[in-house]
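Visitor: Sequence:
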Amino acid sequence: MICVLLLAAGEGWESPALADLEAHPGVVVLKRCVDVDDLLASVTSGQVDVAVVALDAPGLDPASVAHLRRHAVRPVAVTTARSDDLDVREHAQRLGIGSVVGAGALAMLPEVVTAVEEGDTRARGDDAPVEPPAPGSTGDPGRVVVVWGPAGAPGRTTVATNLAWEVARRQVDVVLADLDPYGGSVAQQLGILDEVSGILSASRLAASGQLDERFASVCRGVGEHLAVVTGLPRADRWREVRAAQVDQLLERASVAGHVVVDTGFSLEDEAGHDLGGRPGRNALTLAALDLADEVVVVGAADPVGLARLARGLVDLRDRVGGVPVRVVVNRMRGSIGWSEKEIAGMVEGFSRVAGLHFLPEDRAGLDKALVSGSPLAATGDSALVHGIAALADAVFPASVRPASGKRRQGRSKNRQK
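Just so you know, the sequence shown maps onto residues 24 to 440 in the working numbering.
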């Protein structure tokens with residue numbers, strides 16, 4: 024049985040197409056979607072085989088089609104023009120759609136829907152991208168490491184920014200992407216004054232099918248090996264970025280090197296928050312987590328922070344499943360009255376984690392770095408710098424230099440599980 028979603032975008036062919044599909048014994052139409060956002064949210068259920076879409080549906084772009092294929096959903100386009108029209112074929116090719124049916128040939132639609140697309144041999148659940156690697160890509164893609172933490176400003180951005188910088192200063196290419204839907208601050212931490220938002224630029228390029236070729240234009244270089252995709256200039260502009268475009272951005276970034284992602288705090292899935300089923304603000308964070316090779320969870324060392332960390336780890340595990348989760352207990356200080364061993368016992372009681380790290384409080388060092396718009400390591404040596412370096416050793420082991428393995432001890436201890 025082939026399960027189908029239908030998005031006609033108000034076209035007159037919707038009713039006859041629906042009748043033809045429902046009359047076929049091997050096809051079941053699960054839903055008539057109201058718009059592209061509704062379609063993209065619906066395919067994440069894992070129950071869909073084919074999406075029949077209007078070729079000219081507003082918002083249908085290469086990133087949307089890539090999102091469909093990533094969820095093992097084959098797109099079939101319907102056009103009001105002749106399907107063999109050159110402009111129609113070129114438009115479909117730009118979108119990445121190989122099957123096109125003219126509105127005058129709807130009787131063929133069930134046959135096209137039930138046919139196996141040539142070359143489309145990927146099994147459901149395979150997360151590898153269908154699209155070929157971007158031109159010029161070589162070797163294996165970089166790792167995608169998502170830095171997440173619960174509410175309360177535990178230090179997500181500080182950890183993400185300085186983790187990326189630490190790996191970059193080992194002469195390893197890194198892309199740092201600010202995907203905090205509540206208004207990112209990576210640019211401010213690194214002293215990037217460019218008012219052009221990297222994530223908004225990437226979203227527009229993904230919509231036009233140009234992100235692969237023009238990826239470098241959305242990045243701002245910090246040193247020789249760190250490229251930064253800056254975040255939203257205002258928190259209310261999250262609506263301009265779709266989850267499918269985040270997917271395309273991170274996949275393209277992983278061709279350029281390792282990827283470190285700064286995200287928002289909320290894991291609430293708002294896919295059905297209105298009648299249209301449009302993704303909500305947290306779709307940016309959730310899309311990043313869905314592509315993560317590893318998640319670094321940042322929590323504060325105080326009682327409130329640890330309570331939030333406990334709840335967050337439970338919610339996160341429900342979201343990421345078997346993806347490795349590494350915990351960073353940030354702002355560790357003697358005045359709290361708990362030892363690292365005691366806190367480790369608490370954290371390990373919440374969830375089984377891939378590793379546990381402690382980063383010491385260093386308010387003076389962080390203030391100096393923020394005021395100067397520099398990474399922490401650029402302002403001088405400290406226990407916190409050593410702690411970040413030890414975290415980088417664990418998260419990106421290939422970046423470790425043989426001669427430097429013994430110098431990164433400090434107070435940051437990696438407790439492997």
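By construction, these hints were calculated from the structure, which means they are not laboratory data.
Remember, predicted model here, so these are calculated numbers, not experimental data.
Treat the hints with care, as some may be off.
With beta-carbon atoms standing in for the labels, derived distance ranges [what the hints assert, rightly or not]:
hint, residue 1, residue 2, range
1, G82, A333, 38 to 46 Å
2, P347, M369, 41 to 49 Å
3, G357, D316, 29 to 37 Å
4, L53, G345, 26 to 34 Å
5, S38, R117, 48 to 56 Å
We put the beta carbon where it would ideally sit given N, CA and C, even for glycine.
Visitor: Look at each hint and say if it fits the structure.
Guide: Now the hints, each set against the structure:
1. For G82 and A333, the Cβ-Cβ distance of about 39 Å falls inside the hinted range of 38 to 46 Å, so the restraint holds.
2. The hinted range of 41 to 49 Å is not satisfied by P347 and M369, whose Cβ atoms lie roughly 20 Å apart.
3. Restraint check, G357 to D316: a C-beta distance of roughly 35 Å satisfies the suggested window 29 to 37 Å.
4. Distance hint check: the CB atoms of L53 and G345 are about 27 Å apart, consistent with the given range 26 to 34 Å.
5. Checking the proposed 48 to 56 Å range against S38 and R117 shows it is violated: the Cβ atoms sit about 28 Å from each other.
When held up to the earlier numbered hints, the structure conflicts with 2, 5 and fits the remainder.
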